[in-house]
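K.L.:
Input sequences plus hints: build the corresponding full structure.
Going down the list, the sequences are from chains A and B.
Mind the numbering: the first sequence is residues 6 to 450 in the working numbering, read in order.
Mind the numbering: the second sequence is residues -12 to 109 in the working numbering, read in order.
What the hints contain is simulated information worked out from the structure, not anything from laboratory work.
Bear in mind that the values here come from a model prediction, so they are computed numbers and not experimental data.
The beta carbon of each residue, even a glycine, is placed where N, CA and C say it ideally should be.
Among the hints, erroneous ones may be present.
Short derived list, chain A residues pointing at chain B, Cβ under 10 angstroms [what the hints assert, rightly or not]:
id : residue
1  : Arg297
2  : Met380
3  : Asp384
4  : Ile388
5  : Ala414
Taking lysine-lysine pairs in the BS3-like style, the calculated list, with each CA pair at most 25 angstroms apart, reads [to be verified]:
id : chain 1 : residue 1 : chain 2 : residue 2
6  : B       : Lys45     : B       : Lys31
7  : A       : Lys392    : A       : Lys360
8  : A       : Lys377    : B       : Lys45
9  : B       : Lys60     : B       : Lys45
10 : B       : Lys79     : A       : Lys377
11 : A       : Lys377    : B       : Lys92
12 : B       : Lys92     : B       : Lys45
13 : A       : Lys130    : A       : Lys176
14 : A       : Lys377    : A       : Lys110
15 : B       : Lys79     : B       : Lys92
16 : B       : Lys60     : B       : Lys79
17 : B       : Lys45     : A       : Lys110
Listed below are several chain A residues computed to face chain B (Cβ distance under 10 angstroms; list not exhaustive) [unchecked claim]:
id : residue
18 : Asn375
19 : Gln378
20 : Thr404
21 : Ser406
22 : Leu407
23 : Ala410
24 : Lys412
25 : Trp439
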Amino acid sequence: MSFSGRAKGLLRRLAGEPTKAASRPRKAAAEPVAKRSVTDEAAEAHSLKTRLAALVQGRSAIAAGSFHLVGLAEIRERLGANWDRVRDKVHQETRRIIERRIGAKDVYFAGSADDYVLVFAVLGKSAAQLVCAKISQEVQRSMLGDSETQDISVRTLVCEIDGNFRIEKTKLSDLVAAAVVAAATGSASAELVWADMPAPPASGPGAPALPKHAQSGIVYRPVWDVRREAVSTYLTRRGPTVGAGPDELSRLEHEALQAGIEMLADLYQNQFRLRLSFPVSFEAIASVSRLRTYLALCRTIPEHLRKLVAFELVNLPIGVPNGRLTELAVALRPYCGLILATVDWRHADLSQFTKTGIRLVNAVISPGSNEKQNMAEMDRFAIAAEKAELQSAIEGVGTSSLALAAKAAGVNFISGDRIGPCVEAPHGMLRISWNDVYFGKQPAA
Amino acid sequence: MARILVIDDDPAVRLSIQLALEHEGHHVACASDGEQGLRAFALKAPELVITDLIMPNKEGIEAIMQIRAHDPKTPILAMSGGGRLGNADFLKMAATVGANATLPKPFESEDLIAAVRRLLSS
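P.N.:
Below, the structure written as structure tokens:
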């Protein structure tokens, strides 16, 4: 097992032991471990368990819920004979996604052959599990092109009262259900859910019981237009979709579009003007039949409302060709005033969006991630967008530092708790000056 | 000679300001963001604070507001490059919330020294 000094440093800090240096790099470098036999893997798993037990022994208050395992076993199984050929790439992609998802003070390292151990310094157990679930989903989507993650579980190291520990396995469906309840009841992990994950089934068999007002699971995030100094757009958001496959995503997105258009029509009739953006997952319109179904629904949008509708392409696979994006944009264009794409700001090649019909790119800041790094990324993102002749938007601006940095970077649209929380019903356009944004005057919730 | 606290997330800027001020005989303490700056302010009781505005972990305007909430007297010099879009808004805001003087980045060390002298003599 590779276990770098950096990871040990953080673990010492977690355990309250002195560290050698005041500041140190945030993550452990994790190299893929060479292929092992089944016996080796079993021995290694045992060794990992022993090692982790030693690390957390007697420190349950600090470490409980902090240690999680992200495994690649499911992907390995689905890739079958191709696994050996793509193994390094899968590991590389997994490390990239882990690094993007974990926070400044979190670390990770290679566990057994195809496992990564993630150590969360700040997040609670359920929020950390959601991050791990999201990582698993993204790895799967990136490597296999789908997000059929119902077989995936998150494994958490749980310390027991007697000092022993066990590895607790939680199914994604259970995590999703818990997250929906958390989001609906406004508990601590809800922020993570809303800010970062587009949404789970809010109804149907197995769905958790929710308070009545939150049963639809749909909320709207206000977006501040920096140049016009106004909140004129709302992004449709739901709870997490970590367990949802393409059919379920389609169903949810159809439901969101229908509900949103009804609301937009009401607001329009009452002289309120705003733009409402609807997420469209790539996997939910990737097949011709699903795209046709979605477009059939789009045709029901009244003509006079179409300029107020925006479609937000989400879950775009890395490197989706410019031609494919153009096809999708051309198909959606007659039914909206704007098409945007939510992208991973650290890795997206924004030139792929140029001249596709997509006019704006949105990047989401992960809650708890390194603020200094985010500020630098924000600068790069805004410049890259400008070069690609796109407007830029940043979602997840929760602090005044990020708001200041976003404005200074020349970002065109900002959303996040600094602008206003998600609301159950959007308002009409609202003038809000920079000073109002900075000093915390938010659109009424 | 005065005790001066310099808050800036750019180590090169911090160092160059520190050298310029030490050359003038001042004692300089440094912090790399607003949060550290507030801690250093409480510990070092500086006679002057020089702070950048766009910083992680509590930016300069918020830091100025928090200093002013407890200490209306210690002079504060706010400086900013304002990112790609100029700095007028941010420096004006800093002045509104309690900075005694502002200095747009980039600046010459003579401008900094002159501003520091003005603030310390007043």
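K.L.:
All the hints need checking, so say for each whether the structure fits it.
P.N.:
How the hints compare with the structure:
Of the supplied interface hints, the one on Arg297 of chain A is violated, with its beta-carbon coming no nearer than about 43 angstroms to a beta-carbon of chain B, more than 10 angstroms. Evaluation of the Met380 of chain A hint against chain B yields a held restraint, the C-beta minimum of about 6 angstroms falling below 10 angstroms. Annotation: Asp384 of chain A was flagged as interfacial toward chain B, and the flag holds, the nearest CB pair being 7 angstroms apart, inside 10 angstroms. For the restraint placing Ile388 of chain A at the interface with chain B, the shortest Cβ-Cβ distance is roughly 8 angstroms, inside the 10 angstroms limit, so the hint holds.
Given the 10 angstroms rule on beta carbons, the hint for Ala414 of chain A holds: about 6 angstroms separates it from the nearest Cβ of chain B. Note on Lys45 of chain B and Lys31 of chain B: the hinted pairing holds, with a Cα-Cα distance of about 19 angstroms set against a maximum of 25 angstroms. Restraint check: the Cα-Cα separation between Lys392 of chain A and Lys360 of chain A comes to about 12 angstroms, which is no more than 25 angstroms; the hinted pair holds. For a cut-off of 25 angstroms, the pair hint linking Lys377 of chain A to Lys45 of chain B stands: about 11 angstroms separates their Cα positions.
Pair hint Lys60 of chain B plus Lys45 of chain B holds up; C-alpha atoms about 21 angstroms apart against a cutoff of 25 angstroms. For the suggested pair Lys79 of chain B and Lys377 of chain A, the alpha carbons sit about 24 angstroms apart, so the restraint of at most 25 angstroms is met. The hinted pair formed by Lys377 of chain A and Lys92 of chain B meets the criterion: a straight-line CA distance of about 19 angstroms does not exceed 25 angstroms. With a C-alpha separation of about 19 angstroms, the suggested pair Lys92 of chain B and Lys45 of chain B falls inside the 25 angstroms cut-off, and the hint holds.
Simply put, Lys130 of chain A and Lys176 of chain A have alpha-carbon atoms about 14 angstroms apart, close enough for the 25 angstroms limit, and the pair holds. Simply put, Lys377 of chain A and Lys110 of chain A have alpha-carbon atoms about 13 angstroms apart, close enough for the 25 angstroms limit, and the pair holds. Distance check on the hinted pair: Lys79 of chain B and Lys92 of chain B sit about 14 angstroms apart at the alpha-carbon level, within 25 angstroms; holds. A C-alpha spacing of about 19 angstroms is found between Lys60 of chain B and Lys79 of chain B, which places the hinted pair at or below 25 angstroms, so the restraint holds.
Restraint check: the Cα-Cα separation between Lys45 of chain B and Lys110 of chain A comes to about 17 angstroms, which is no more than 25 angstroms; the hinted pair holds. Interface restraint check: Asn375 of chain A against chain B, minimum CB-CB distance 8 angstroms, threshold 10 angstroms, status holds. Hint status for Gln378 of chain A: holds, given a least beta-carbon distance of 8 angstroms to chain B, under 10 angstroms. A cut of 10 angstroms between beta carbons decides the hint on Thr404 of chain A: the least distance to chain B is about 8 angstroms, and the hint holds.
Given hint, Ser406 of chain A at the interface with chain B, holds; its Cβ is 4 angstroms from that chain's nearest Cβ, closer than 10 angstroms. Evaluation of the Leu407 of chain A hint against chain B yields a held restraint, the C-beta minimum of about 8 angstroms falling below 10 angstroms. Hint status for Ala410 of chain A: holds, given a least beta-carbon distance of 6 angstroms to chain B, under 10 angstroms. The interface hint given for Lys412 of chain A is met, as the beta carbon of that residue sits about 7 angstroms from the closest beta carbon of chain B, less than 10 angstroms.
Among the interface hints, the one on Trp439 of chain A holds; its C-beta lies about 6 angstroms from the nearest C-beta in chain B, closer than the 10 angstroms criterion.
The earlier numbered hint that this structure contradicts is number 1, and it is the only one.
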